[in-house]
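Visitor: Based on these hints, arrange chain C on the given structure of chain Y.
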Amino acid sequence: MLSLRLLILVAAASAAPATFADGWDRGPDVAPVTNAPYQQECASCHMAYQPGLLPARSWQRLMGDLADHFGDNAELAPDDQTAITTFLTTHAADRAPEKRARKIAASLRSGDTPLRITDTPYIKSKHRELPARLVTGNPRVKSLAQCNACHTRAEHGSYSESQIDIPGYGRWED
Amino acid sequence: MKRAATLVLISLFTAAAARAATVDERLAEYRSQGAKNFSAQAGERLWNKEFTDARTGDRRSCATCHRANLAETGKHAETGKPIKPMKPAVNPERLSDAKKVEKWFLRNCKWTYGRECTAQEKGDILMFINQ
Numbered sequence: 054m055l056s057l058r059l060l061i062l063v064a065a066a067s068a069a070p071a072t073f074a075d076g077w078d079r080g081p082d083v084a085p086v087t088n089a090p091y092q093q094e095c096a097s098c099h100m101a102y103q104p105g106l107l108p109a110r111s112w113q114r115l116m117g118d119l120a121d122h123f124g125d126n127a128e129l130a131p132d133d134q135t136a137i138t139t140f141l142t143t144h145a146a147d148r149a150p151e152k153r154a155r156k157i158a159a160s161l162r163s164g165d166t167p168l169r170i171t172d173t174p175y176i177k178s179k180h181r182e183l184p185a186r187l188v189t190g191n192p193r194v195k196s197l198a199q200c201n202a203c204h205t206r207a208e209h210g211s212y213s214e215s216q217i218d219i220p221g222y223g224r225w226e227d
Numbered sequence: 190m191k192r193a194a195t196l197v198l199i200s201l202f203t204a205a206a207a208r209a210a211t212v213d214e215r216l217a218e219y220r221s222q223g224a225k226n227f228s229a230q231a232g233e234r235l236w237n238k239e240f241t242d243a244r245t246g247d248r249r250s251c252a253t254c255h256r257a258n259l260a261e262t263g264k265h266a267e268t269g270k271p272i273k274p275m276k277p278a279v280n281p282e283r284l285s286d287a288k289k290v291e292k293w294f295l296r297n298c299k300w301t302y303g304r305e306c307t308a309q310e311k312g313d314i315l316m317f318i319n320q
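Top to bottom, those sequences are chains Y and C.
Heads up: the first sequence begins at 54 in this note's numbering, then just goes up one per residue.
Heads up: the second sequence begins at 190 in this note's numbering, then just goes up one per residue.
This is chain Y alone, in the form it adopts within the complex:
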């Protein structure tokens, strides 16, 4: 029992946002993914997009039609479907404290239910100046949906400009 409690404490401490030497708590842009079924079921085909990248209503809609998941079939067993939907909606952009999650949520109008992260106004505006040759015309990127092709820490929920490395091009500065 004692060891279990210790394990929980250690897990909680390691999940807490990093505090830097200057005392400023930068935290992640969106909370990293910690959910095992989500990792297993979704990240076998694509990056495990953090739940803070879309509002709860979008996740609800997306999880409601996995038989046509952007042209692919991604059907799940009912128990996994329920568990993953709960995880995504609980940590969604409109319910998460992290800064970019909040910005994404704030950029949406109340009736908007985008299915693609790249259709949210905040993400669109952040990539507006990127020429197509670096994204769709770049065989090592192909689509804005491939966050981790350029954002080297995307899988950890970190999307800082200083961590961008566009394949065949390098760093990107506004």
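Mixed in with the good hints, there may be bad ones.
What the hints assert, rightly or not - Within a straight-line C-alpha distance of at most 25 Å, the following computed SDA-like cross-link-like pairs (lysine to any residue) qualify:
1. K270(C) - P167(Y)
2. K264(C) - A96(Y)
3. K289(C) - N88(Y)
4. K276(C) - E128(Y)
5. K270(C) - A159(Y)
6. K238(C) - I272(C)
7. K276(C) - Q93(Y)
8. K292(C) - T211(C)
9. K195(Y) - T211(C)
10. K264(C) - T135(Y)
11. K179(Y) - E267(C)
12. K299(C) - K179(Y)
13. K288(C) - T135(Y)
14. K299(C) - L168(Y)
15. K288(C) - A89(Y)
16. K292(C) - D121(Y)
Everything labelled a hint here was simulated from the structure, so no lab data went into it.
Guide: Coordinates of chain C only, in the frame set by chain Y:
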């Protein structure tokens, strides 16, 4: 060093045992659905047979993402994400979990053929992957 080698051997043996049990149990289930005389050759033909997707017009087969040579690392057709080799001798995790086997048959038969696979097709493909 010796202990590490023993542990590796034990885990390989466990994976092989799990795979044998899973494949036997799946084939028995397919037989109960009317399938019989499973054949790795039939599975290989099916693996490489191309279908035209009704919506996009794309030509698709299992090998589109997984490669014809099962020892190779595959690549997701849409996202480009690497897919670990299908061959159990290269990737011992394969075919060791019945739930995963059925999940991927459901998703991938629908994507590739536009319908679910029959029990006969699934048995033949399992024989091909497991050889």
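Visitor: Next, verify each hint and record whether it holds.
Guide: Consistency of the hints with the structure:
no.: 1; hint: K270(C) - P167(Y); result: holds (24 Å)
no.: 2; hint: K264(C) - A96(Y); result: holds (14 Å)
no.: 3; hint: K289(C) - N88(Y); result: holds (18 Å)
no.: 4; hint: K276(C) - E128(Y); result: holds (24 Å)
no.: 5; hint: K270(C) - A159(Y); result: violated (31 Å)
no.: 6; hint: K238(C) - I272(C); result: holds (20 Å)
no.: 7; hint: K276(C) - Q93(Y); result: holds (20 Å)
no.: 8; hint: K292(C) - T211(C); result: holds (14 Å)
no.: 9; hint: K195(Y) - T211(C); result: violated (38 Å)
no.: 10; hint: K264(C) - T135(Y); result: violated (28 Å)
no.: 11; hint: K179(Y) - E267(C); result: holds (24 Å)
no.: 12; hint: K299(C) - K179(Y); result: violated (36 Å)
no.: 13; hint: K288(C) - T135(Y); result: holds (17 Å)
no.: 14; hint: K299(C) - L168(Y); result: holds (22 Å)
no.: 15; hint: K288(C) - A89(Y); result: holds (16 Å)
no.: 16; hint: K292(C) - D121(Y); result: holds (15 Å)
Violated hints, in rising order: 5, 9, 10 and 12; the structure is consistent with all others.
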